[in-house]
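Peer 1: Here is how the chains run, residue by residue.
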Amino acid sequence: MKLKHSLFTRRQFLNGLFGGWITALLATFIYPVVKFIFPAYREPDEVILLFSDFEGMAPGSVKRFPWGSKPGILKKNDDGTYLAFVGVCTHLDCNVAYLPEQKKFFCACHDGWYDEYGTNIGGPPAHPLRRLVVEIAAPDLIIKREDVE
Amino acid sequence: MKNWPKELSIWLDDRFGLSAITQFLKEKPVPQHKHSIWLYTGSAILLFFVIQVVTGFMLILYYKPTLDAANASVARIMTEVPLGWIIRSVHSWSSTFMIAFVFIHLISIWLTKSYRKPREITWMSGVFLLACSLVFGFTGYLLPWDDLSLSATKVGTDIPRSIPVVGAWVTKLLRGGGDVTGDTLTRFFGIHVCILPIFIFLLLAIHVYLIQKKGMSIPLDAETRNEDVPTIPFWPNFVYREMVVWLVLVGILFSIAIVFPPSLDKQADLMAAAPEGVKPEWYFLFLFQTLKIFPAKILFVNGDSVAVLIMLLAGLFIFFLPVIDNKPTERKGKIITALGYVLVVYALIMSVWSLL
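Protein sequence lines, in the order shown, are assigned to chains A and B.
Everything in the first sequence is counted per the working numbering, starting at 3 for the first residue and increasing by one.
Everything in the second sequence is counted per the working numbering, starting at 34 for the first residue and increasing by one.
No lab work stands behind these hints: they were computed from the structure.
Do not rely on the hints blindly, as some may be mistaken.
As the list claims (entries may be wrong) - In silico DSS-like pairs for lysine-lysine, Cα to Cα no more than 25 angstroms straight-line:
hint, chain 1, residue 1, chain 2, residue 2
1, B, K150, B, K299
2, B, K247, A, K106
3, A, K105, B, K325
4, B, K312, B, K325
5, B, K205, A, K37
6, A, K78, A, K65
7, A, K105, A, K146
8, B, K325, B, K67
9, A, K146, B, K205
10, B, K312, B, K205
11, B, K150, B, K246
12, A, K65, B, K299
13, B, K246, B, K67
14, B, K247, B, K61
15, B, K97, B, K246
16, A, K146, A, K106
17, A, K105, A, K65
18, B, K61, A, K106
19, B, K330, A, K105
20, A, K106, B, K312
All chains should be built: construct the whole structure from the sequences, respecting the hints.
Peer 2: Right, dumping it as structure tokens:
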């Protein structure tokens, strides 16, 4: 039925009303669903470790520490200074190993190689290992993201 | 009451009207020609799929999808649960057989050009079924939660990151966060036992319905040489032949499953370095090797981004094959056929290379 002055029939009006209502309702449902299935993830700004756990490391050796849910790698250089890396390959995210006799980091997944400073030198990785900042404030060993003040 | 089974079936038929279906199956002709052997690959897939469902239901009774318990629960299935080892072995081997037959099925249809009009959607639903099977394999590989499965999953879930715009979101969606953790395990378990089964049953229904609706395709060279291709009825003649094939396949499957049960490594350690010799399941080896041989940089672009883009385009090409090769049935379309062979040869060479 359509009134003389109306732009719509009653059926069109009701379809639009109910259609709009259902669409709006679905949209309000979708937002929480999306929020739910994509959990918020933030990597840590810094982790604080006990320096005494790492003090006795032999020069040229590495020790692992948890960097959020990734492995962090602390390396003691020959001159006694420390370097820290996020220990995952920049190619496809596998955890890397350090080979002390070759002074290289190695990713077994696709044969990726990095030198002792984390620079990519062979295989598929296109970027160096991610560096972290090491601060020694005894008794703490503070390891920070590079962009954190 | 003497003839009660027959009376019961008549009584049920009055209510359900199933005789229309049995009548259809009796009358449904199955063409017999030199390429008929490929017709058995479809039902072989179905056979292994049913075995997967049954053994999967059994494994769920003991499997625990959490970070601390997953590996130990699989170890328990292998060592303590009565005959658990063989159930897991059959589940693992049957997945291999199923995917192998999915590949054979796809290539046979590609080479005989059975995807052409009016069977485009049958093909496309088949490509989705292939994707479902691969995701089943991929998610199932993580569930034992050992070192190898962790590394394979880290790589597999990181690959989408190279896709522009949506990639990072896909990775996050798959992992349930920025990294592969216990949440990923639970998520993969949910996908493996709940979400994928719904999709695969839906797709199977569409696929099988379309095959009934459009009938069997008759390959080009089988048709031109003989105008009247002989046929046999689907029920019971063709089904009996299929049963012979199933019997042989089940025999092979169980023999292999008993002699070569799958291994289980020590529990995955999120902090440990990837073990040497990380390899995905055999059906991903050719993709794995492709990723390995791409250099770090191609001009100014990351090598793996290029590799992933090429894989994505190849996937789209396969999906849209019936639209791309939409010539009438009598045209041969040799380039597309040749591409089918190229794909097979490429996959074989890359897979073998990855094992060297």
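Peer 1: Evaluate each hint against the coordinates.
Peer 2: Now the hints, each set against the structure:
Using a Cα cut-off of 25 angstroms, the hinted pair K150(B) and K299(B) is violated, with the two alpha carbons roughly 51 angstroms apart. Using a Cα cut-off of 25 angstroms, the hinted pair K247(B) and K106(A) is violated, with the two alpha carbons roughly 61 angstroms apart. Among the hinted pairs, K105(A) with K325(B) is consistent with the structure: their alpha-carbon atoms are about 23 angstroms apart, no more than 25 angstroms. Among the hinted pairs, K312(B) with K325(B) is consistent with the structure: their alpha-carbon atoms are about 11 angstroms apart, no more than 25 angstroms.
The straight-line distance between the Cα atoms of K205(B) and K37(A) is roughly 12 angstroms, inside the 25 angstroms bound, and the hint therefore holds. Among the hinted pairs, K78(A) with K65(A) is consistent with the structure: their alpha-carbon atoms are about 9 angstroms apart, no more than 25 angstroms. As the CA atoms of K105(A) and K146(A) are separated by approximately 24 angstroms, the hinted pair is consistent with the 25 angstroms bound. A C-alpha spacing of about 40 angstroms is found between K325(B) and K67(B), which places the hinted pair above 25 angstroms, so the restraint is violated.
A threshold of 25 angstroms between alpha carbons decides the hint, and for K146(A) with K205(B) the separation of about 23 angstroms falls inside it, so the pair holds. With a C-alpha separation of about 23 angstroms, the suggested pair K312(B) and K205(B) falls inside the 25 angstroms cut-off, and the hint holds. Distance restraint check for K150(B) and K246(B): the Cα-Cα separation of roughly 13 angstroms lies within the 25 angstroms cut-off, and the hinted pair is therefore satisfied. Between K65(A) and K299(B), the direct Cα distance comes to roughly 21 angstroms. Compliance with the 25 angstroms bound is thereby established for this hinted pair.
Taking the CA atoms of K246(B) and K67(B), the gap is near 23 angstroms; set against the 25 angstroms cutoff, the hint holds. Between the alpha carbons of K247(B) and K61(B) the distance comes to roughly 11 angstroms, so the proposed pair stays at or under 25 angstroms and holds. Distance hint between K97(B) and K246(B) is unfulfilled; the C-alpha atoms sit about 42 angstroms from each other, more than 25 angstroms. Our distance criterion of 25 angstroms between C-alpha atoms is met by K146(A) and K106(A), whose separation comes to about 23 angstroms.
In summary, the hint linking K105(A) to K65(A) is supported, as the alpha carbons are separated by about 14 angstroms, within the 25 angstroms threshold. The straight-line distance between the Cα atoms of K61(B) and K106(A) is roughly 66 angstroms, outside the 25 angstroms bound, and the hint therefore fails. Straight-line distance between C-alpha atoms of K330(B) and K105(A) comes to about 24 angstroms, which keeps the hinted pair within the 25 angstroms bound. A threshold of 25 angstroms between alpha carbons decides the hint, and for K106(A) with K312(B) the separation of about 22 angstroms falls inside it, so the pair holds.
Violated hints for the displayed structure, listed by number in ascending order: 1, 2, 8, 15 and 18.
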